[in-house]
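> Sequence:
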Amino acid sequence: MLALCLTSQQLAASELPDLGEVSQGAFSPRDEARVGGQIMRDIYANPAYYDDPELTDYLNNLGYRLVAASSENRLSPQFFVLRDRTLNAFALPGGFIGVHTGLIEAAQNESELAGVLGHEIAHVTQHHLARMIENQNQGMLPSLAALALAILAARSNPDVASAAIATVQATSLQKQLDFTRDNEREADRIGIQTLRGAGFDPRAMASFFERLQKNSRVYENNAPAYLRTHPLTSERIADMQNRSPNLPAKQVSDSLEFQLLRAKLVATDGRPAEAVQRFTDALREARYNSVAAARYGLVMALMRTRQFDRAESELKKLNQSGVVSPIIGMLGARLKQEAGDINGALARYRAARERFPGYRPLVYADANALLLARKPELALALIIDQIELYPDDYRLYQLQSRAYAMQGKDYLRHYAQAEAYVRQGNLDAAIEQLRLGLKSRDGDFYQMSIAEARLKELVTLNKPAKP
Numbered sequence: 004m005l006a007l008c009l010t011s012q013q014l015a016a017s018e019l020p021d022l023g024e025v026s027q028g029a030f031s032p033r034d035e036a037r038v039g040g041q042i043m044r045d046i047y048a049n050p051a052y053y054d055d056p057e058l059t060d061y062l063n064n065l066g067y068r069l070v071a072a073s074s075e076n077r078l079s080p081q082f083f084v085l086r087d088r089t090l091n092a093f094a095l096p097g098g099f100i101g102v103h104t105g106l107i108e109a110a111q112n113e114s115e116l117a118g119v120l121g122h123e124i125a126h127v128t129q130h131h132l133a134r135m136i137e138n139q140n141q142g143m144l145p146s147l148a149a150l151a152l153a154i155l156a157a158r159s160n161p162d163v164a165s166a167a168i169a170t171v172q173a174t175s176l177q178k179q180l181d182f183t184r185d186n187e188r189e190a191d192r193i194g195i196q197t198l199r200g201a202g203f204d205p206r207a208m209a210s211f212f213e214r215l216q217k218n219s220r221v222y223e224n225n226a227p228a229y230l231r232t233h234p235l236t237s238e239r240i241a242d243m244q245n246r247s248p249n250l251p252a253k254q255v256s257d258s259l260e261f262q263l264l265r266a267k268l269v270a271t272d273g274r275p276a277e278a279v280q281r282f283t284d285a286l287r288e289a290r291y292n293s294v295a296a297a298r299y300g301l302v303m304a305l306m307r308t309r310q311f312d313r314a315e316s317e318l319k320k321l322n323q324s325g326v327v328s329p330i331i332g333m334l335g336a337r338l339k340q341e342a343g344d345i346n347g348a349l350a351r352y353r354a355a356r357e358r359f360p361g362y363r364p365l366v367y368a369d370a371n372a373l374l375l376a377r378k379p380e381l382a383l384a385l386i387i388d389q390i391e392l393y394p395d396d397y398r399l400y401q402l403q404s405r406a407y408a409m410q411g412k413d414y415l416r417h418y419a420q421a422e423a424y425v426r427q428g429n430l431d432a433a434i435e436q437l438r439l440g441l442k443s444r445d446g447d448f449y450q451m452s453i454a455e456a457r458l459k460e461l462v463t464l465n466k467p468a469k470p
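Position one of the sequence shown corresponds to residue 4 (this note's numbering), numbered consecutively onward.
Derived from the structure by calculation, the hints contain no laboratory data. Treat the numbers as computed from the prediction; the structure is a model and nothing was measured. From the three backbone atoms N, C-alpha and C, an ideal C-beta is built for every residue, glycine too.
Beta-carbon label-pair distances, calculated as ranges:
{"#": "1", "residue 1": "Ile-453", "residue 2": "Arg-184", "range": "50 to 56 Å"}
{"#": "2", "residue 1": "Asp-312", "residue 2": "Leu-381", "range": "25 to 31 Å"}
{"#": "3", "residue 1": "Pro-50", "residue 2": "Asp-431", "range": "18 to 24 Å"}
{"#": "4", "residue 1": "Val-462", "residue 2": "Gly-273", "range": "42 to 48 Å"}
{"#": "5", "residue 1": "Arg-192", "residue 2": "Ser-324", "range": "39 to 45 Å"}
{"#": "6", "residue 1": "Ser-31", "residue 2": "Ile-345", "range": "47 to 53 Å"}
{"#": "7", "residue 1": "Asn-63", "residue 2": "Ala-354", "range": "24 to 30 Å"}
{"#": "8", "residue 1": "Thr-308", "residue 2": "Arg-77", "range": "43 to 49 Å"}
{"#": "9", "residue 1": "Arg-88", "residue 2": "Ser-258", "range": "21 to 27 Å"}
{"#": "10", "residue 1": "Ile-345", "residue 2": "Val-255", "range": "36 to 42 Å"}
{"#": "11", "residue 1": "Glu-277", "residue 2": "Val-255", "range": "29 to 35 Å"}
{"#": "12", "residue 1": "Ser-324", "residue 2": "Glu-189", "range": "42 to 48 Å"}
{"#": "13", "residue 1": "Ser-74", "residue 2": "Ala-36", "range": "18 to 24 Å"}
Using the sequences provided together with the hints, build the complete structure.
Pasting the structure below:
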C-alpha cells in the first residue's frame, strides 16, 4: 500500500516543505493545484507508483472521453496508477485521479471501470474536497504541506490515515476529508450522466457498486478501501438503480485496449508459472471474453518464465488473428528485447512506430531500447522531436538525461533531469540538478546563462507562500 511505504520520518510534518497556510477566505484553485502537486511529488517517488505508460495512456484517454461528455469539459484531469491489489480509486485536488490495479482487474467490463472514473471525475469537477475544507474552521487548518499529507493518507490508504494525520497534528482532518453522503450522491448523479454522454452503459455504475457492497460482507471489518473512503449505503445503490430505468439500455462492447491491458495486469501479477497455466487453460477451454486478450496474456506470462520460443509461437498466432493494436506491436518488440535480441527489438519498435506514429508508449520504449543498444544519438533525435510536440512529458526528459549521460555531457544531463523533476512537481530536486549542472562547467556561455535564469525562476517558485 502506498501510505504504508511512508516511514514515520517521512510523515513528520517538520520534514515537509513549508507551502504556507491555507487561505483564510477560501480553498482556492491555486491552493488545490499546490496541494495536488505536493501529493504527486510524493507519489512519483513512491515504490507503489506504477509507471506503466500503456496503462496510464489508456486511463487518460478513457478519462478524457468521459470529461468531454461532462458539463466541465475544459477540465484536464491526470490519471495515474498504483500497483496495489486493493479495490480503490481516489480523486485529489488539482485534478489528479489515482486508480489501483486491483480495481481495474475487478471491473468486469469497461463500462464499470468508466463508471468509477466518472464518479471520481465528478468529485473533481464539483470541487468536493475544496468545498469540505472551506466548510471547516479555516483557522484550525494546518499548513498546505500537512494538508497534502493528510489528503494523501485519507484518499489512498484509509488504514493508516489516522496515524499519518496524527503525525502532522491534524487528527480532526480524517472526518473532514471523508466524502459526505451528499457528495457521493452528487458524484453518482453526475457520473451516470457522464457515462451516458460518453457512450457507456449508464447502469454499470450501480452494478459495480452493488457487487462491491455484496462482496464487502465477507470482509467483515476489513472492507475494500474504496468503500471506506466512499461511504456506500443501500439508499445510494437504490438511488442509482432508480435513475437507470429512466435511461435506455445500452449494450457496449469493451475496447480492445481495455481487454489487453487487463490481461497484462493479470499476467504480471503473482507467480509466473501460475499465470502461464491460467491463460493456457483459458485458451484450451475457451474461457475468455476475448481470445486476443487471452493470447496476449499468455505471451506476457511466458516472457516472465523466459519461454521465449513458445512466446514467439503464441505471438505469431495473435498477429495472424487480424487484431491490430499498438499494444500488440509493443509486445512483439518487448519479446525480442527480453530475449536479448536488441536489434530485433529495434526493428519491431521501428515498424510499430511507423504504423502507430502517435502512440507515445512506443516512443518511450524505442528510445529506451536505443539507449540499451548504446545509440544515444539516435535516441536523442527521437526524443527531441517528441519534446517539441509534448513539452510537459517528464518521461521524455528522463530519457533525454540518460542519453546525455551516455555521451558524457554532464551539464545537459543535469538540465534535462531538472526539467523532468519540474514536471513531477519536485522543485527541490530540480534546483539541485541545476546547481550540479552549473558546477559541471561543460556547458557553453549561452547554456550556463539559461541554467542560471531557470534556477532563479525555480527558487522563486519554491518559496513558501505568505499566509
